[in-house]
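Participant: Listed below are the residues making up each chain.
There are 2 protein chains.
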Amino acid sequence: MQICGNLLIGQRAVRGTNSSIKAVNAATGMPMEPAFGGATQADLNAACALAWDAFDTYRESSLAARAAFLEAIAVNILELGDDLIERCVSESGLPRARIEGERGRTVGQLRMFADVVRNGDFVGARIDPGLPERKPMPRVDLRLRNIALGPVAVFGASNFPLAFSVAGGDTASALAAGCPVVVKAHSAHPGTSELVGLAVQKAVKECGMPEGTFSLLFGSGREIGQGLVKDHRIKAVGFTGSRGAGTELMSIASARKEFIPVYAEMSSINPVLLFPAALANRAEAIAKAFVQSLVLGAGQFCTNPGLILAVDGPDLDRFIAAASAALEQAPASTMLTPGIHKAYEAAVARATDHAEIRTLARGGPAASPNQGRAALFSTTAEAFRTHAELQEEIFGASALIVRCADLSTMLDLVESLEGQLTSAVHIDEADFAEVRRFLPALERRTGRIVVNGFGTGVEVAHAMVHGGPYPSTADGRSTSVGSLAINRFLRPVSYQDMPEALLPASLQSDNPLGVNRLVDGKPTLAQ
Amino acid sequence: MQICGNLLIGQRAVRGTNSSIKAVNAATGMPMEPAFGGATQADLNAACALAWDAFDTYRESSLAARAAFLEAIAVNILELGDDLIERCVSESGLPRARIEGERGRTVGQLRMFADVVRNGDFVGARIDPGLPERKPMPRVDLRLRNIALGPVAVFGASNFPLAFSVAGGDTASALAAGCPVVVKAHSAHPGTSELVGLAVQKAVKECGMPEGTFSLLFGSGREIGQGLVKDHRIKAVGFTGSRGAGTELMSIASARKEFIPVYAEMSSINPVLLFPAALANRAEAIAKAFVQSLVLGAGQFCTNPGLILAVDGPDLDRFIAAASAALEQAPASTMLTPGIHKAYEAAVARATDHAEIRTLARGGPAASPNQGRAALFSTTAEAFRTHAELQEEIFGASALIVRCADLSTMLDLVESLEGQLTSAVHIDEADFAEVRRFLPALERRTGRIVVNGFGTGVEVAHAMVHGGPYPSTADGRSTSVGSLAINRFLRPVSYQDMPEALLPASLQSDNPLGVNRLVDGKPTLAQ
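Just so you know, the sequences run in chain order A and B. This note's numbering puts the first residue of the first sequence at 61, with every later residue one more than the last. This note's numbering puts the first residue of the second sequence at 61, with every later residue one more than the last.
Check the hints yourself; a few may be wrong.
The list cannot tell twin chains apart, which means a pair is met if one copy fits it or any two copies do.
Each computed BS3-like pair below joins lysine-lysine, with the alpha-carbon atoms no more than 25 Å apart [said to hold, decoys possible]:
no. : residue 1 : residue 2
1   : Lys-402   : Lys-82
2   : Lys-582   : Lys-195
3   : Lys-195   : Lys-348
4   : Lys-82    : Lys-265
5   : Lys-290   : Lys-317
6   : Lys-317   : Lys-402
7   : Lys-402   : Lys-290
8   : Lys-195   : Lys-265
9   : Lys-317   : Lys-82
10  : Lys-317   : Lys-262
If you are wondering where the hints come from, they were derived from the structure by calculation, not from laboratory data. Quick caveat: nothing in here was measured; it's all calculated off a predicted structure.
Bound-form chain A, shown alone (with noise of 0.2 Å):
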């Protein structure tokens, strides 16, 4: 496969005559061959009708032939090879084995995805079967199922250009759902983009699926994705990426008649709140875990553990001196763009700047364009408390530690932070009677609560929630990762005396399918 810098509309390639972009090698700042041809309102609208064209045949695929979907599509990205890693190594400034790992994980996400779909529990099935002898009136045959939302606008993240673009979490569980899927592609890695995206086009035809399944847009500026959200055949999003991006497009979704979700995944500071006896207990190997978490692919994870809270006293300095100590060990790396790399640096020197900050430890020097050092800060809660700007995300290996009095002001501290992704404890058996004043307040602004650790490393599992209350995400009562993101993008239909030549093979009565289902209330597994 070569990258030609086409759109994927459908089956198509097209040359996009809306200007054109080139992505930018990170590491040395140089553009890249070829041009990008930007999607015109012609594009976009060829893409959503085609997707609207395909959607009553693509949500109605087998559960058999969608997961082979899937499957083919974890196929052609690993056929792709190594043009696939060298490309996305060099569009995103991030090391070889990262890459690798990342496309592993985008392969077996939707693999599990197939997996999801095959088992079928997805499709929400119950029956309540009619009771024609019910007194005082019969009880109608009611019989449930879920269905896909419709197509889906994906929107690439500039730090996941694999496991969280093309074909990353939202597009495996949006195509798993039965919803077909348009993806603006991130400007920030184009090639790797038209690479995936032309392994999945691969893989509808191979497949027999509609055309429409599957497209891919590029655009440079705003318009391509606003005019996604704005479309009346797109019946729900999925983006990663800032909390103003995000909440443009969550007003732009409300702005609608009909109103559609929006699963934003924005902007988090994962407090990392530090208990005194695992302070005393451990506090250098806390600090070294924390800053390895913290530099972790240069900081540009949205789980990336942000502050820190902890009592002031001795223990806290041991922990400081240790963290200070590894974060000046850690050499400075190259970030995504240039653009998050020069966004970085400024937020880092308001940081410094701050009258109520102050400045622990610099990672090592740049030694290339665009790499960020590391930063660790310190401030009191009294500062914290009062200036809201404190809380706000830096995006990179940047943390801010804060000295707290004692624990009901850290307490008050975590009731005054916004919602977020995740929030880790560290906490020995002595902490167990004070981190459980600790959890309500945590479990009510968090996604994920972590014990002894931090929140990076997002395991792609049954049990995950990547989500949180606003602005951690748009809407909290989902996850982007893990097989629960599956159902962002379903809806329950009932089906009332349905003759079973026209009900779907879900919920017929000889459940062809084999799927659990839950008849009468109570779950029933096929067997």
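Following the hints, position chain B against chain A.
Facilitator: Just chain B now, kept in the frame of chain A:
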């Protein structure tokens, strides 16, 4: 229990001082004693503060205790006895048998949610055990459960003074999920609201639930309703009412800093499709059943059949003749409020005067004030397609029959319809091939598809969907009737590597609550 006209703020009865309202006897138009004092902003604030204080305790009440609380509410409502029935009949103008039936439904709903709570499936417990030996990286231990969203604002509905009001479906499902509830009573039945509110307030005390678990506010204008939706402690909204009021609440919610879900059930004309074989074989029988459904409860149901689509011809003429004859026999019925009656008569007058609408029949004349006369109209497919106002709901016993040239025209019209709570198809076996073409279009815009029946009579069941795409509801991913309604008020939280001693009971390894769980992706039923 006595009707005093007080607000119920936690365990207190408070005299509202923000002007006052009186109920109106629907049948006579006369005001009824006592006056109900409207809530001030301070009252609203007190109710929300109490709800917030109650939240952490109430949401972690044991499943058994919460189920017993729901059942206590049911018992206390029944103990109100005839006082409740009589007041409710006077305020609503609905017949005694209907109100008694609605009380049964309300009590049954509370008991169903008690069963749902005890059963524990709504917790959605999932466990992915850690795999410390996994290569290249160990897998962490992940456990997931649903927790309550937070305090919920519930708006009483005019047309279900018991089943969708103070202790109706929204309140029951929110309380079942673990959410405290602040109810804004509907001004059409304040006495009914206070009585039921007192029953809930008493159950809170009897069951030792935290005081703020329930509050009830009165208010004549929009101030209190809008204030609730704006309050930062309110985390979800349950509403049944008009499209205008519902979209207003949606827009207030979307202007909040933090997104909250608004579950507004608003507007639906519930299309009924008559297929050729069924029409040929059973025109008169279907017509009779249709008119029964249309005039039930003076047509004041969200699922009232307001639109008939059928192919023009002699069989449709037979249907129209039979329906017209039946409708003319239908006596006028007292409507819920003078305002609703006035709006109904105005809408019927507009239809009567519409150049593209033909009046087929009117029901019997009004015998007393505030009685609505049923109305049956017809129009052409062309007029229906080109006049958007013909798709607007007329709240009351009015329906429009659209004569279609053929089934393709009928399908085109279906594709032009907005989202609906229900749709119905009347079919015989000879129609199956044709109806298959319609089902995808119906699924896309309907929450429940009824075969050979009508949408009225919404069974409280596990497989019920009372919801649908906008504008039938604000969020088509949900239902407001049936056990699935509890999902509206939950969000998932994941716990990573949490020690057994700190895990919520539903996720502890020995499963002390005996709930069904998904372990490593496999449904694992409690013994």
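Participant: Within a copy, between copies, both or neither: where do Lys-317 and Lys-402 come within 25 Å Cα-Cα?
Facilitator: neither (38 Å within a copy, 28 Å between copies)
Participant: What label fits Lys-195 with Lys-265 when the C-alpha limit is 25 Å: within, between, both, or neither?
Facilitator: For Lys-195 and Lys-265, neither the intra-copy (55 Å) nor the inter-copy (35 Å) Cα distance is at most 25 Å.
Participant: Classify it for me, Lys-402 with Lys-290: is the Cα-Cα distance of at most 25 Å met within a copy, between copies, both or neither?
Facilitator: neither (31 Å within a copy, 37 Å between copies)
Participant: Have a look at Lys-402 and Lys-82 and pick one of within, between, both or neither, based on CA distance no larger than 25 Å.
Facilitator: within (19 Å within a copy, 64 Å between copies)
Participant: Indicate which option fits the pair Lys-317, Lys-82 if close means a Cα-Cα distance not exceeding 25 Å: within, between, both or neither.
Facilitator: Classified as neither; 36 Å inside a copy, 36 Å across copies.
Participant: With 25 Å as the alpha-carbon cut-off, assign the pair Lys-195 and Lys-348 to within, between, both or neither.
Facilitator: between (69 Å within a copy, 22 Å between copies)
Participant: For Lys-290 vs Lys-317, is the C-alpha pair at or below 25 Å within one copy, between two copies, both, or neither?
Facilitator: Both. Shortest intra-copy (10 Å) and inter-copy (21 Å) distances satisfy the 25 Å Cα cut-off.
Participant: From the Cα coordinates, with 25 Å as the cut-off, is the pair Lys-317 and Lys-262 best called within, between, both, or neither?
Facilitator: neither (35 Å within a copy, 43 Å between copies)
Participant: Can you tell me if Lys-582 and Lys-195 fall within 25 Å by alpha carbon in one copy, between copies, both or neither?
Facilitator: So Lys-582 and Lys-195 pass the 25 Å test inside one copy only (22 Å; across, 38 Å).
Participant: Under a CA distance limit of 25 Å, which applies to Lys-82 and Lys-265: within one copy, between copies, both, or neither?
Facilitator: Answer is neither: 28 Å inside a copy and 67 Å across each miss the 25 Å cutoff.
The structure does not agree with the numbered hints 4, 6, 7, 8, 9, 10 stated previously, though it agrees with the rest.
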